[in-house]
Amino acid sequence: MRGAALIVLAWNQWPLTERCLDSLFATDLDAAEVIVVDNGSSDETPDAIAAYASRVRYIRLAGNLGFVRGMNAGIAAARPGDDVVLLNNDLGFTQRDWLNRLRDAAYAAPDTGVVGCRLLGPEPEGRVYHAGGFIEPDALWGQQTESGTVERDIAQFTRTRRVQGIAFALAYIRRDCLDRIGALDPMFHSYFEDTDYCLRAADAGIATVLAGGVTIQHDQHGSTQDDGGFRRRLWEASRASFAARWQKRLAENYRGTVLWQGATRFAPAYANLARTLLRRLDARGLRMAFAPVVREIADPEDYRVELAGRRRWTTTPDATLVCAPAPHFGKAQGRFRAGLAFGEWDRVPAHWADAARALDLLLVPDAFQAEAFRAAGVRTPIDVLPLGVDRDYCHPRVPAPRDPDGRFVFVATIADAARDAPAQLVSTFRRTFRASEPVELLLIVDPAAGVDANAALDTARTGDGARVRVIANWAFPDYQRAQWLAAGDAYVSARRGGGWDPHAAEAIACGKPLIATAFGSQATLVREYGHPVEIARLVDDPSQRGCRWAEPDADSLAARLRDVFERRDLLAAGASARGGAFASGHDLDATADRLVDRLAGGNTLSPARARPRAHLPADDARACGQIVVLGMHRSGTSSVAGLLARMGAWPGDDSALLIGPDNPRGHYELGALHGACLRRLEAAGGDWKHPPMSAPDAAVDAFRREAAAVLDTLDARRPWFVKEPRLCLIVRELLPLLTRPVFVHVVRDPIEVAASLEARDGLGRDEALALWERYTRAAFAATRGWPRVVVDYAGVVADPLAASARLHAALVAFGVEGLRAPDATAVGDWIEPALHRQHAAREQHVALSPAQRELLAAIADGSILAPDFGAGDEPAGAEAASARACG
Amino acid sequence: MPREVDAARLAMLAARLDASPRELLALAARLAPRERIDRTEIDAELARIRAAGDSADAGVGILLLGFASFAADDVDRALEIVWRGTDVELR
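As you go down the protein sequences, you meet chains G and U in turn. Adding 75 to a residue's 1-based position in the first sequence gives its number in this note's numbering. Adding 10 to a residue's 1-based position in the second sequence gives its number in this note's numbering.
Calculated from the structure, these hints are not laboratory results. Beta carbons: idealized from backbone N, C-alpha and C, even for Gly. Check each hint, because a few of them may be wrong.
With beta-carbon atoms standing in for the labels, derived distance ranges [to be verified]: (1) U/LEU27 <-> G/ALA315: 53 to 61 Å; (2) G/ARG324 <-> U/ALA42: 51 to 59 Å; (3) G/THR391 <-> U/ALA42: 44 to 52 Å.
Away from chain G, derived, C-beta distances all over 10 Å, residues of chain U [to be verified]: (4) ALA29; (5) GLU51; (6) ALA54; (7) ALA57.
Given these sequences and hints, build the entire structure.
See the structure below:
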């Protein structure tokens, strides 16, 4: 069985190493070997390590060879085939399942090769030192987070996502990645080797991901402190090496310079877009520069904004995006000029419409805004660019201090006293709820609202009623904005104005009910996902005569507030799942993708550079004699398993195999693996007939532990195979334990499968077909990119010997050694056509759903073996180089 | 205090008004826009600052931070203050 080599590099600083090892051994180190590489320590390390002798393999190097050579020594010493995890000795492990979660991330996609995690610094309040970083070509100043800011830990970046690079203070590297691009480049002593490695991986089509579900403490530079300039010299030397290799290439990756003209502080909605989209566009190959359209002091701690502000252009920028109210559109100065704006009214003012003439393209967030511009006579092409949610910062797990008395808290933000109608909100709230009720209203008031907002609030707060609290938002960090929402239970946007309110969608993403006026940019959103406040009437905005906004109906608002409060328990149930699903469908990254397309639409940017073909583990690996048979129940997996046994593949000891009443000659199923599969599904709340929809970490880890024990016994005799239909649902969880496996997918006509399940288990046809689809899709999705063979059960029954020969040839071609050619007599004795009791006619396929028919067709034409089948956009029918269809 | 000498001077000035150095800083900020200041106004403003409690203290904390790091990472603190019952308002 394959495992992971955890390589801890130490150079003096024994107390750090000791702390690291102690915390490491207090975690679940399933299938792992700990290797301590001592870079020639002169302190007590060589002696003190003896206390760990039974748990650690100790490798002492003659001197301090530096981070790269030290780690490479550990990699070279790892068991062949093991994945490796590079670890600094100044890490502290507080998360028990960190290794298994890294494994899950490493094997979630076939082209993943390098996995990092969130690293927290030593501050007591928790600060995120690393969450996947990037390096820019201007100064090659590598950043450890997307904004370059050392932010407080508010559970940002807690999902698994692709990044340009990770810090090798902790790096999980898959064996097939090492096989493909080798170890760290000794051109580097220390520093830059991690970014170099990730970029080399990317060149080979191998992805680097940040497993946000893992958080480790990192006493940064604790492992290399002291020194009087030594570290600085190392850094500079490595930087020079890195520059020679990458600087020009990184710069050439840009498709052109795009100038973002906008604001990063006020108004909040536009500032929000600048901060969140500017960095995403840069990461998508646009060299982003920034010019403010209003006087402001940009946040110097946001590296992306600061870098963009420093960048200059010698000629007109290739494109520009003015992201600001329309009166600023006249400042657009790119060869292709786009603007992104939204108004508060059903028709924008005439001077807004006039300003739009300066643009080649006007972008608006929704159809309401498009109509508001068109109604004012704008003839510039208008595109709708739906504005998504920043899922890295807005989700249901964002922490925030809550009211210690447990009151239900409505949150509202006030940035404009006229537009946001705070007095009406407060007075309606106070007449809706009595002082004795456990409810309150928390107002976050932006300074832009002016002191008038306070005066209005003072007036409204006189008299009885439930409590209203106020916080002035004196430029709190934008990245913490979801904490306002997390501090409450519902978000209220009972505004007059119809402009885009980023908090509305963010609230839903955070799992909070949204109450909003059904007008403007929030109308569709609140009608579909929230609690709409009806409009009393459209009225003129006093500051924009002739432009109307909506007066929210006070009674409707009161009813919504009361309704949400009364149903609070019901609404809270499942809010987290709903929030996650909403954010997935309204993702700011999708917005960024579309924005890049729109900006490129002017043909002033270079074409996007072709990406390297995605790495497939099957490309380079020679199979090592581990065969996994996958197939839906009643698909003929036992028959194919029997053929493998007759080729000499080992199914395990006879005594360990199950024999069931419906297949007295044997299933070739190991009892221990079968039991592990049963327990895995049960632990997730399901069984084979009712596959669970979730994969609880504890269930996955327990299954992997049990499966590891099974694989250990098998590995004594390769080639071997395992077969268990339930593995279709959970085989991905086995991938970290397998050394270059081959997957044999056994397929059978779904009508026949359904008939067999009906006869044996009493399942209805539709239910059986749905199960067939679920198993089949799950199995093929999990083995994407890995060596795999498809065996059609009908072919096996029709001509067992020929099917066996094809299967044998395919396995041999993948490099499986030790198999013998199938013997006609043995095969004939094993496959009995009489066992093939269910026969489907083509016309019976009308019973299949369109999705099931599509799946069946993909199996028939082999397109199911395409690396991206079921993962999105790869055209169906593409043949996977890694796969061969037979049977 | 940013520097010890400033701290000593502030403490001395504050003592003359029977105020703490932090209250003096808040007082100075509050009265700065006014052209003329008399003792009555000073006392009234000091009373307001003392009544504001945590929020006045938080406001002075902002003054003591370096440029552009004002209010940094204070959402947690602001919420803790407001749950204790003190509004943090604009004026």
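Results of checking the hints against the structure:
For U/LEU27 paired with G/ALA315, a C-beta distance near 60 Å keeps the hint of 53 to 61 Å intact. The hinted range of 51 to 59 Å is satisfied by G/ARG324 and U/ALA42, whose Cβ atoms lie roughly 54 Å apart. In this structure the hint that G/THR391 and U/ALA42 lie 44 to 52 Å apart at CB holds, the actual value being about 45 Å. For U/ALA29, the non-interface assignment is confirmed: its Cβ lies about 23 Å from the closest Cβ of chain G, beyond the 10 Å cut-off.
Interface exclusion of U/GLU51 from chain G stands, the closest Cβ pair being 19 Å apart, more than 10 Å. U/ALA54, annotated as away from the interface, keeps every beta carbon of chain G farther than 10 Å; the closest lies near 18 Å. Annotated as non-interface, U/ALA57 keeps its C-beta farther than 10 Å from every C-beta of chain G; the closest such distance is 19 Å.
The structure meets every hint from the earlier list without exception.
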